[in-house]
Each structure stands twice: as structure tokens, then as C-alpha cells.
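**Student:** Take these sequences, add in the hints, and give me the full structure.
What follows is each chain in one-letter form.
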Amino acid sequence: MCGIIGVMDRSRRTMDGSGIRQALSMMNERGSGEGAGYAAYGIYPDYRDCYALHVFFDNVRENKPLLDSTLAQWGTIEHDEAIPTYGRPNLRAVHTPWRYFFKPDPSLALAGSTTPEDDIVSALVMQVNAARRGALIFSSGKDLGVFKAGGWPEDVADFYRIEDYEGYIWLAHNRYPTNTPGWWGGAHPFNLLGWSVVHNGEITSYGTNRRYIESYGYTCTMYTDTEVVAYLVDLLVRRHGLDVDIAVRALAPPYWEEIDRMPDAEREWNGALRLAYAPAMMNGPFAIVAANRDMMVGFTDRGKLRPMVVGECGDRLYISSEEAAIRAMEPRVESIRMPAACEPVIGRVVA
Amino acid sequence: MIGSLPSRYRIGIDPVRCMECGRCIENCSYGVFSRDGDRIQVNSRNCTACHRCIACCPRDAISLEEHPCDYRSHPLWTREAREAIYNQARTGKIILAGMGNALDYPVIFDRLVLDACQVTNPSLDPLREPIELTTHLGKRPARLDLRRREGGDIELRTRLTPNLRIETPVMIGHMSYGAISLNAQVAMARAAKKTGTFMGTGEGGLHAALHPYQDRMIVQVASGRFGVNIDYLERGAAIEIKIGQGAKPGIGGHLPGEKVCADISRTRMIPEGSDAISPAPHHDIYSIEDLAQLVRGLKEATEWKKPVFVKIAAVHNVAAIAAGIARSPADAVVVDGFRGGTGAAPTVFRDHVGIPIEAAIASVDKKLRDQGIRNEISVIASGGIRGSADVAKAIALGADAVYIGTAALAAMGCRVCGNCYRGLCPWGIATQRPDLVARLDPDEGSEQVANLIRAWTLELAELLGAAGINSIESLRGNRDRLRGYMLDEGLMQVLDVKPVGA
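The listed protein sequences correspond, in order, to chains A and B. Just so we're aligned, residue 1217 is where the first sequence starts under this note's numbering, counting upward by one. Just so we're aligned, residue 2 is where the second sequence starts under this note's numbering, counting upward by one.
Bear in mind the hints are in silico, worked out from the structure with no lab data behind them. Note that the coordinates shown come from a computational prediction; the quantities given were computed from them, not determined experimentally. Beta carbons: idealized from backbone N, C-alpha and C, even for Gly. Keep in mind that a hint or two might mislead.
[To be verified] Straight-line Cα separation of at most 25 Å, DMTMM-like style, residue types lysine to aspartate or glutamate; simulated pairs: (1) B:LYS260 x B:GLU273; (2) A:LYS1520 x B:GLU130; (3) B:LYS306 x A:ASP1476; (4) A:LYS1520 x B:GLU133; (5) A:LYS1520 x B:ASP116; (6) B:LYS499 x A:GLU1430.
[Claimed, not checked] Partial pick of chain A residues on the chain B-facing surface, computed with a CB cut under 8 Å: (7) THR1394; (8) TYR1428; (9) SER1431; (10) TYR1471; (11) GLU1473; (12) ALA1492; (13) MET1497; (14) VAL1561.
**Tutor:** Encoded structure:
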């Protein structure tokens, strides 16, 4: 189960969150009221150059001073505040969402780092979340933010008043947890730096993926298989420099039988990709939509055991579990298609 | 005076069923049966429970049972403990044994259960959906340099070292010509070819009869360097340096001179009738740097075209050693657990030295991951793999593939009687006596071994499908697909598995 939807505007024209709220609610049969969330890109133009750290505090008074001092060691907090929330009768606020706009000091990164600021923020996220001191950083990219909680999509949207935000890419997720607990940290989207991920399905290779990603310094703390997807994308695309379509091919590769039939050059790199990234390969039923500031990408597992529908309308690209969700957001949708298994659907911002 | 020890087994012949055909006399190489006039006499004292007589009796007239022990029962001074003392008091010698560890240690594999899907993630049907068991063994780069050319084509700039490709993660381990017969080797080599897997030569060289299968053979370089020359190295698909063996960690090997017939002499490149002694250490390896040098030397000799494996016995610091091997140019580390078989080993080593393969693989996997190099080298598990469930569990604990030994011998008829070191194997496997060797038909034997590997491969595909996994790579190191049943907390930590129900 679970329902996902992603929308992007290729020319960076923004949309408020009311449309995606409505689209996600359309898929309430795919949820169980135990988690929903939204990711929006382009929402913090005033702090465009800062990392927007969204944090769940168990207790602001007790847990915040420690995080403040940790962040201060590694850079400057330009601004911080409680994320505005609005009480909902059906949503029990078990954490206090907070946001920091943070500038790391690149001189403090390890020598040889090619992305010093990203490396510092990524390490901070892992360190803070693994320490389990009542603070969980669940969103850490520039000019973007994740808003998630335990509850139905409408309640979560209204809790954060999603319609008040204007973004050019939106991801949303309606959760039906079957393997892991329903809690705020386990709700989607999952984010690390620029990449956010929503996922419908179960990753049966989680144990392999987790051990692989943890050997690169990532720490999985959110008890959920989807968390590794965000880290795998970060590893393959940011740290290993793979193009996003090649990274998708590493995560959901062709069968050896297909690789064996490819022309020489193609067979060579596809075989190498499977060998080098075998533990990153994801197994089990899944449909995934991931986004960063410049693109949105959707793909399914090799057997296409979870649905994925793609719609387009002008500059807008939609990827969802259900056609009805796309139509709820864009009744005039111009084309609807269902990509083949593993076929990546990539939309890039052109403006 | 110690006197004679009671016989271990008791053989019975049903006089009504027996037609005195004498097949039991012909088939028993241990001299249990003899003819006395028109009767068949039995000397149970010579019996090893090899079952050859039972298998060959056309009338099912022979029965075998363990002889009830007539010692005073005692929880500490068992029959085995006492008999070992009596034998050593008589001879003053090391006691030898064949096959694997015979003590009653709990089997960790049997306290691990595999997972299966229900409803929320669908199980897969291997009859209708692809389940990939293809496995590659060798060195891999941690990352790839892929560039996009003008026009969109992708160019691979990283040079990959050669890997071995197997169609099933089950390989046949190293058993040398000398320890086993040529017919047994030929049977298994043919089976390896039929099933798309590989087989080890052991340290006994590569007999000309195996040349047709050399592309499925992994040649071994042990401390004795028997049979090793450039022709031997070039014939193998891969090379394996044997540092240790699970059945006898820390000691070498010994093939008695009386077994070194003309054929073995030629194959091993040693004088006929001379003892073939593999010393405990390689005399040019006293550090990890020396080992790396040998790996490099073998690669250099074969123009870096062949993967080089290093086999070590599972011992307490196996993880650190494996990490050292991983940092050499070696392509795979083979870890042989303390249930690994052998042609001959001092019983005290076989039964008391080393650690189980399950714990060894888990700790090797963890150490390599902690160092961020797990994916750069392959790990092969061996030593007590009895069925496809053991294979699946070993892979979930972190192995890329497994070697089987005893299981392959059993597929050819071996009854695991544990007397391989005597060279009288009535099944024609662990013997060089021509009349006994002739009993094993290589064609039939190869079909049986191939059937076993095929059957396990089918079962593995089913197990993977049940777990909702369509590629063996996604089972490797996947502890989520395992749970510990009645395992203590400390061991579950070493294995990194949760208890059942969690």
C-alpha cells in the first residue's frame, strides 16, 4: 500500500500546497492514518544559501541547547524558529518541529572533501540522529523542507498549513506501515541534503542496502527501509558522481540475461555497474519518486510490483501511484502513461 | 594391560535372506566379511559403517547397528575419551581422523531461520519470474568512472579485474588427487562444467585427465607447492593460495609415501614413494606483506588475467586476517570453518581447533564493512555446508558463495564413515587402490554431483522467491532475512541477527 505523488514545474513556477494536499487525500485508501508528509522545493527564497534543517524535538527546552551548541561548532545559525503548526483534533503532537537556517564553515571539513559544506551537514545529520538525544534532523537541504507527522494527509497538511508554502517541486506520501512502526520519523518523505524520497512498497534487500550504506558512514536511525534510498541516492549521485539515470540503473538494474544480450560497450558498463553496486541494488516491490532542486525522478522495481503513473500538463510533470490523484490535482492532464519496470522517468528544471 | 577395545559397530546377516553370493566379501575393503565353507563370517571389529556391504547386498540381508557401549556410563569420561587414551597409551602416537569435526557442538545454522513474505511484499514464483543466482567472484571497484560521450554513449573508464562467473553460488571445494581418487576428481570436474560452477584441484596438481575441464578448475598453491609450475597456473580459471584448512587450522598436510604412485608422482611433481609433506607455514610467508607478495607474484606470472583467492581456516582473529587479505591484490578470501572435511587430520585438531563458519563469516563481513571494503573482495564460506538452507544462511551472513566438499562426496556415495586417511574407501573416493577406484564410475558420479548442485540451486531460487528477492546479491549480508532461534544474546550480536519474533 502507501500512496505517493510528485509534481514539478520545469520552469520553476511555484504552486501552493493545496493541490498536492487534495491529490494525496485522494489516495486515503492507500494509507492508514499513521503517517503522511510533504516535501517542497523553493520555499525558503530568503534563506536560499542556507541549509534548512528541519528538526523534531522531543522537548524543546531540554534538547535544543545541545543541538544549538553542536551546530555552532560547525558553522553559523543564521536564524531558527519553531515551524508554524496549527492544532488538529486528530493529530497528537508528539514532537515539536523546528527549523534552522544554517551555514556550515567549509574550512572545518575533512581535507580533500570536494563538497565540504554538504559533507559537514550530512555528518551532522548522522551524528545528531544516531545520538538519540531527543532531536531528529529529518530535512537538511537548501531552499527546501520536509513536513511530516503521524496522521492522515489532510491533518498533516493542515497541521503545517501546507497551502501557505509555495514550491516548484512537491512530493507527498500517504503511509500504510506494514513492517515498521508508524511514527513521525518514519513518515515519508525522507531527505538528506538536496534529495528527498517518497516510496510505495517494501525493500526486501534493506538488510543488504543498510549494511552497504553504513560502511560509507551513513547511519540508519529511522527504522524504515525508505531511509536507505535517500542515502543511496546521495552516495551514488553526490559522492560517486553518477548521472541520475545511471544511479537509477544501479539501484534497479537490468537482469543479467538482458545485460548478456547488449552490444559490447553497453554490456561492459552495465555489467560493471552491477558488480560495483550489487549491494546498492534494491529488491522487493517499490515505486519511488525522488527529487532534488533541479530534477524529479521516478522508477519502479524490476518486476513492477507497485504501480506508477506519469502525467504531463504543460510544464508540469506528475508521478503518482494513482491516475486519480494526478487528475485531482490537474484535471486537464494532457498525457498519462505507465512506464515499464525500471524505466526511469526524469524531469529536469529548465529555467 | 589394556587389552582389546570393544568393537564400535555390530554387523548382522539374516541367514534366511542371505544367499551367500559373496558380494559383501568383494565389496568390503576393510575385511569385515570372509567365507568359511558355505557360510559368510563377520568380523564386526573391522567395520567402519561405510555401508558398502548394505548397499551392495542384493537381498537386504545385512544389518548394522552401533554396538552398545559396555563401559561404565560417565558424563565426562565418554567412550571416545577413554578409547583415545587406551589407543595412545598403546601407541604413543597422534590419533588421525578423516572427514569433519565429529564432536557434538550445536550447529548455529540450525538455530537460524530464514524469512518468507506474506501479503505486503509479494513472494516471487521462480517458475514464472526470473530469480538470479548468477554470482561473480573477484575484486570490484568501490566506485565507477562512467563518462558520457558526445552523442550520449556511456564510456566505462574504470578497468575491472577479471571475475569468475558462476551460475549458482555453490562451488566444489579443494580435494586433491591423492586425498581422493582421480575418478572422483573427474566426476566432480564434469559436474562443475555441467552446472556452470567451479571446482578446486586441491594441492595435488592438475592431472592430465582434468585438462578438458581446466576452465572450471581453481588450481591450488599450498605450502608444499606440489604440482605448481607455470603450466599448472595457466591452466586454472583461478588460483587459490591455501594458508589454512578448517579441519586442521595451523598445521600442514601429509600424504604418505606409500600412496605416491607413479601417476600421483607425475601430477604432484615429487619422487615416487616419497612422503608429500606440506609444512604448516608457507616458508616464504611470515606476514601479511609476504602473502600480498605471493598474490602479486602469482598474478604477475599469469599476466593479471586470473583471480587469486586466499583460503584461511576460521580462527578467532579471522576477521582481521581477512581484512589484511582484502587489502592485498587478492580477489577473494575463502574462510573454512571448523566443520570442514579432510582426508586426514589429527583428531585433536579436527575436533578442537577453529571456530564455526557461521560466526567466522559474520565477523569477516562486519570487519570488512567497518573498513568500507566489503564490496571490493568476495568472501567464500566453506566447512559444513549440508544443504541449500545452509547456503542461503551463509550468504545472508555475508558470503558471496560457498564451497562444498563432504556433500559432493556424499553425492557420489560417501557415507561419511570418517576413515578416508586409511586409503581403503570402498566407494572408490578416498583411495588410490585401482580395484577400489574402479568402483566409481565418473559418468554416473558426475551426474549425481550435478544433480545435487542443480537441486540446491532450485531450492535456493525458491527460498529467494519466498523472501521476495529476485537476485542473490540482495541476500548477501541481508541479516533482516534471518532470525536467531534459541541463540544466546552474545552470539546473536556476533551474527548481527535479531531473535525470532523481533
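**Student:** Each hint should be assessed against the structure and marked as holding or not.
**Tutor:** Going down the list of hints, with the structure as the test:
1. As the CA atoms of B:LYS260 and B:GLU273 are separated by approximately 9 Å, the hinted pair is consistent with the 25 Å bound.
2. With a CA separation close to 12 Å, the supplied pair A:LYS1520 and B:GLU130 stays within the 25 Å bound.
3. At most 25 Å may separate the alpha-carbon atoms for a hinted pair to count; B:LYS306 and A:ASP1476 meet this at roughly 21 Å.
4. Taking the CA atoms of A:LYS1520 and B:GLU133, the gap is near 16 Å; set against the 25 Å cutoff, the hint holds.
5. Between A:LYS1520 and B:ASP116 the CA atoms are separated by roughly 22 Å; this keeps the pair inside 25 Å, and the hint holds.
6. The suggested pairing of B:LYS499 with A:GLU1430 holds, with an alpha-carbon distance near 18 Å, which does not exceed 25 Å.
7. With 8 Å as the threshold, the beta carbon of A:THR1394 comes within range of chain B, its nearest partner Cβ sitting at about 4 Å, so the hint holds.
8. At a threshold of 8 Å, the smallest CB-CB gap from A:TYR1428 to chain B is about 7 Å, leaving the interface hint in force.
9. Satisfaction of the interface hint for A:SER1431 is found here, the shortest Cβ-Cβ separation to chain B being roughly 4 Å, below the 8 Å cut-off.
10. Annotation: interface hint on A:TYR1471 holds; nearest CB of chain B at approximately 5 Å, less than 8 Å.
11. Proximity of A:GLU1473 to chain B holds as hinted, the smallest CB-CB distance being about 7 Å (cut-off 8 Å).
12. Using the Cβ-Cβ criterion of 8 Å, the hint placing A:ALA1492 at the interface with chain B is satisfied: the shortest such distance is roughly 5 Å.
13. Below 8 Å, beta-carbon pairs count as interface contacts, and A:MET1497 has one with chain B at about 6 Å; its hint therefore holds.
14. Contact between A:VAL1561 and chain B, as hinted, is not supported at the beta carbon level, the nearest pair being about 18 Å apart and thus beyond 8 Å.
Comparing the model with each earlier hint shows a violation of hint 14 alone; every other hint is respected.
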